[in-house]
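Number of protein chains: 6
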Amino acid sequence: MADTLSEFHKFRAEMNEEIHSSDHLGLKRFFALDHQAYEPGPLPTNTKELLGLVASAVLRCDDCITYHIVRCGEVGWKRAEIIDALNVALIVGGSIVIPHVRRAFARMREIPGLDS
Amino acid sequence: MADTLSEFHKFRAEMNEEIHSSDHLGLKRFFALDHQAYEPGPLPTNTKELLGLVASAVLRCDDCITYHIVRCGEVGWKRAEIIDALNVALIVGGSIVIPHVRRAFARMREIPGLDS
Amino acid sequence: MADTLSEFHKFRAEMNEEIHSSDHLGLKRFFALDHQAYEPGPLPTNTKELLGLVASAVLRCDDCITYHIVRCGEVGWKRAEIIDALNVALIVGGSIVIPHVRRAFARMREIPGLDS
Amino acid sequence: MADTLSEFHKFRAEMNEEIHSSDHLGLKRFFALDHQAYEPGPLPTNTKELLGLVASAVLRCDDCITYHIVRCGEVGWKRAEIIDALNVALIVGGSIVIPHVRRAFARMREIPGLDS
Amino acid sequence: MADTLSEFHKFRAEMNEEIHSSDHLGLKRFFALDHQAYEPGPLPTNTKELLGLVASAVLRCDDCITYHIVRCGEVGWKRAEIIDALNVALIVGGSIVIPHVRRAFARMREIPGLDS
Amino acid sequence: MADTLSEFHKFRAEMNEEIHSSDHLGLKRFFALDHQAYEPGPLPTNTKELLGLVASAVLRCDDCITYHIVRCGEVGWKRAEIIDALNVALIVGGSIVIPHVRRAFARMREIPGLDS
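Chains as they are written, first to last, in the working numbering: chain A, 240 to 355; chain B, 240 to 355; chain C, 240 to 355; chain D, 240 to 355; chain E, 240 to 355; chain F, 240 to 355.
It cannot be assumed that every hint is accurate.
In this list, chains with the same sequence are indistinguishable; a pair is considered to hold if it fits within one copy or across any two.
30 angstroms max Cα-Cα, derived DSS-like pairs, lysine-lysine [to be verified]: (1) LYS249 to LYS267; (2) LYS249 to LYS317; (3) LYS267 to LYS317.
Please keep in mind that the hints were generated in silico from the structure rather than gathered at the bench.
Kindly produce the complete structure, drawing on both the sequences and the hints.
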């Protein structure tokens, strides 16, 4: 896991740029489709971001968890709601998810406004 | 995957009974905790059932998908919303999730009221 | 796993039709992108089908293995080459892959021309 | 999952024979190495079979669970001990393991002597 | 993976405290249930810790592997026995487990008394 | 992920030596079998290395991805071909694979000759 949230964002932006500049149409389209999956549809974006967070947690991807916690904060979810979603991930995914829950809690410290 | 929804429910109920009658305290407590994870908290039950569905889909468990689709219907989600949630699972989990999406669509045929 | 290859194809075609008729743009685009990933690019289609087979095997998806074995046969791979690819999947994925290798061997019986 | 334990054994033996007759040295050696991993070493066979069972359960492979439950019975583990091991698998792997625990309990009905 | 065992313990203790102080009843109960799963039952604690280690290894969680190796040492398992358990995990989980076996060996250097 | 490719190679070589010196016959044989799986057979080594890369990517193991990208370069695959293989892994494995694709792109910067 990147040591700080700003390092995470920097590496992510830099590599996304490098991936896009490789001009592989399939990769570009996948990134676009990934973005669109969280846009409003039958379900609103805030619900979808919570779904993305729980999917990331049970699949145990720290970078994905960090990304979706940031996004959850941006779309208005509060710390207690994010923790309640992580609890669902923990019961579905088991104790193997605990280290990722620990890192998710550490990451939440870096995101202002989750408690307000 | 059980051939019909009623067979799924029958086997599930029968085996849950057998598991409980084994009197293993850890198993009993886990089943109780699993039940409680979907009760209202900072997040309402309907949101949590959708989280359970997406977690089940990316982890590719047909029985779990069936269970949560049934529950999603019971708490008021409509077919289009369930499909939108499955789309998030598909983008996060990849084409390996497609066979489970197929079986989820087949299962939805058996659940009345999702389209109403 | 579907009992026969023809049942597999029938269910797959029927459900793909049902998924497409749900008119969810994200699902439709994912299916299109999935199809395009195996079209000729820097790597030819036959190599990509073998990659799809091994990815399916280590992720332990019987339907996906069946699909890619059929495709591998269509693009010219022979039984011995498919088995050599499954061996890579077995060493990477471990003994947990063995039941899927057994079912892959059973499926190959139903596909004419792999040995010719 | 095979419908009965005898069908499981029959298919397993038949396909193992077919895999071996393919004369792929890598596959043959992997099968031999898999067999040797459970032979007595610093740990005795009965402990190793329990390890194999829990590994199979958290990786959610019904065939592997069936195989190791049968083996656990053969090396002397009783039903209550197997259930205690499955409880460890459940806590580590989460509720996604529950359907496999149900099928493990169903399978144990077919194995005589676990309760004696 | 934390660079040193003491950093691992420090971060783990700090975040467990933070998770508990969030006062989410589900999380608290899961942590309690996780603890209880390794207490003596039909199987003794030392066997259960070995089960936890192998489950962690095949699910490829470095923190979980570190935790259970430490615990295995505390309950009396020696280095050769832990390595024999890791071999079962390697055969079940495949070469994808190798990097975690490397880190497990590196971690064992930091745990006194495993060789005595 | 190791910070640099040379650190990766150093730790890998050091720990492989330590694992071998533990004199566990099962571990030694698994390492040998893993090596042999990529030797020429019905499929040539270069195809097998690409299979190993995609298997590693969908199973989301950064060390394994690094190892196979290095090997892919050694056996003659070019950057565009490796990227095309990663695209197959991305479509099969989903957006959860993206962070590993980012790190794969970062690793490719350290490997001379992929673009020539």
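Hints that the structure is at odds with (numbers, increasing)
Structure breaks no hint.
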